[in-house]
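Just so you know, the protein sequences line up as chains F and X, in that order.
One gets the numbering used here by counting positions in the first sequence from 1 and adding 30 to each.
One gets the numbering used here by counting positions in the second sequence from 1 and adding 30 to each.
No lab work stands behind these hints, which were simulated from the structure alone.
All values reported here derive from a predicted model rather than from experimental measurement.
Using N, Cα and C, we set each Cβ at its ideal position, and we do this for glycine too.
Computed beta-carbon distance windows for the label pairs:
no. : chain 1 : residue 1 : chain 2 : residue 2 : range
1   : X       : Lys260    : F       : His221    : 56 to 66 Å
2   : X       : Ala46     : F       : Leu107    : 39 to 49 Å
3   : X       : Asn106    : F       : Glu118    : 39 to 49 Å
4   : F       : Thr169    : X       : Asn146    : 26 to 36 Å
5   : X       : Ser237    : F       : Ala145    : 21 to 31 Å
Number of protein chains: 2
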Amino acid sequence: VLATNCAELFESGILAGLHLVVTAGPTREAIDPVRYISNHSSGKMGYAIAAAARDAGARVTLISGPVTIQAPERVNLEKVESARDMLEAALEHISSCQIFVAAAAVADYRPLNVANQKIKKSGDSMDLTMIKNPDVVATVAQHEQRPFTVGFAAETQAVEDYARGKLENKNLDMIVANDVSRDDIGFNSDHNAATVLWSDGQQSFDSMSKDTMARQLIELIAHRYQQYTKK
Amino acid sequence: VLATNCAELFESGILAGLHLVVTAGPTREAIDPVRYISNHSSGKMGYAIAAAARDAGARVTLISGPVTIQAPERVNLEKVESARDMLEAALEHISSCQIFVAAAAVADYRPLNVANQKIKKSGDSMDLTMIKNPDVVATVAQHEQRPFTVGFAAETQAVEDYARGKLENKNLDMIVANDVSRDDIGFNSDHNAATVLWSDGQQSFDSMSKDTMARQLIELIAHRYQQYTKK
Numbered sequence: 031v032l033a034t035n036c037a038e039l040f041e042s043g044i045l046a047g048l049h050l051v052v053t054a055g056p057t058r059e060a061i062d063p064v065r066y067i068s069n070h071s072s073g074k075m076g077y078a079i080a081a082a083a084r085d086a087g088a089r090v091t092l093i094s095g096p097v098t099i100q101a102p103e104r105v106n107l108e109k110v111e112s113a114r115d116m117l118e119a120a121l122e123h124i125s126s127c128q129i130f131v132a133a134a135a136v137a138d139y140r141p142l143n144v145a146n147q148k149i150k151k152s153g154d155s156m157d158l159t160m161i162k163n164p165d166v167v168a169t170v171a172q173h174e175q176r177p178f179t180v181g182f183a184a185e186t187q188a189v190e191d192y193a194r195g196k197l198e199n200k201n202l203d204m205i206v207a208n209d210v211s212r213d214d215i216g217f218n219s220d221h222n223a224a225t226v227l228w229s230d231g232q233q234s235f236d237s238m239s240k241d242t243m244a245r246q247l248i249e250l251i252a253h254r255y256q257q258y259t260k261k
Numbered sequence: 031v032l033a034t035n036c037a038e039l040f041e042s043g044i045l046a047g048l049h050l051v052v053t054a055g056p057t058r059e060a061i062d063p064v065r066y067i068s069n070h071s072s073g074k075m076g077y078a079i080a081a082a083a084r085d086a087g088a089r090v091t092l093i094s095g096p097v098t099i100q101a102p103e104r105v106n107l108e109k110v111e112s113a114r115d116m117l118e119a120a121l122e123h124i125s126s127c128q129i130f131v132a133a134a135a136v137a138d139y140r141p142l143n144v145a146n147q148k149i150k151k152s153g154d155s156m157d158l159t160m161i162k163n164p165d166v167v168a169t170v171a172q173h174e175q176r177p178f179t180v181g182f183a184a185e186t187q188a189v190e191d192y193a194r195g196k197l198e199n200k201n202l203d204m205i206v207a208n209d210v211s212r213d214d215i216g217f218n219s220d221h222n223a224a225t226v227l228w229s230d231g232q233q234s235f236d237s238m239s240k241d242t243m244a245r246q247l248i249e250l251i252a253h254r255y256q257q258y259t260k261k
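One chain only, chain F, in its complex shape:
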């Protein structure tokens, strides 16, 4: 029944006329010209959301960190490396988009100093001082021209508690909470399970393919966005 309803909603173009921006993949934070800090995000979830939003009739901009998967057709792909690159790309679209979905796994910290030359191995230990990166989704959600903003929380413990904290602290409209400690779902898997939280409700998605989850998420986002614009 859900599948039928979902297909009908997509056929009717539930996001027609809207511009949706989605971020995807990891960021890479340079240590020197050769080395970097990154994370295990594959980009699959964000890319699936871009494709589902396009199928729902939206104009889609996909801001992507370095990944090895193919971009969906008929979306505007913007490739970035670092968290600061990703924020800059996001802010360029903030006034033209109605919905912003932050599926990227943005590095929280970056090395304070980026060496111009490859750092030579010398001592037995090396201290790397890291400073906080800008919070892309919080910056977008707290902007005066903020779109309807959906965040992701990849956690390994107390998943829903942390996610509800982020929903409130970052001024998000919705948050998708993932447990990345599970091997069967998450970063490098084609499957995912999640709990989506908003101010006065939540919905759980059992383990399913990322493509299926993306379509159901887009359906839920479109529904919540309609409520939001009625306020």
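Put chain X on the given structure of chain F with help from the hints.
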């Protein structure tokens, strides 16, 4: 003329009866379950060397860090993540191989402490203490059962000076020196240029495809190995 000679050498199976181990790609050093430190190695050079050695008649073991390229057929692929994994895999083959080619870009340092849970963003800065990883190629070259050992040096400055220092300090038989500061060759390119150094000689390879360079390198390695076994 060189191409003809090269083809003849390959037809005659210049490495027939030998076991060649080649390492390739980057290593990943975990910070926590989500984050890691890595480098821009694509694995292309090591994979091309594995294929060329196979074509020259060798039995080939390819010890590879995480890459996105396809492994050549008819080589024994062993996938590893960290520098310590790579060393362990290399030492398993040390007594059965005659030639060891260390094309991997092994992380010099790894985080001292690996968190069991995703580290929560807290302070404005974070100090990451890193300790030196084992040196895979030096450990192999200094082992009492050492094979003929070929290292790589990816540098961004004073390329040949650093490489000759590594040749001596690590007890290598040959070293392939790359200038990774050039955009047109190196880590993510299909092309490479290099200078190969040994105790009493050197040979330069101008910019060429990594497949072509791999075949010429294998030819040079086979020639130097023959000199080595005559000693």
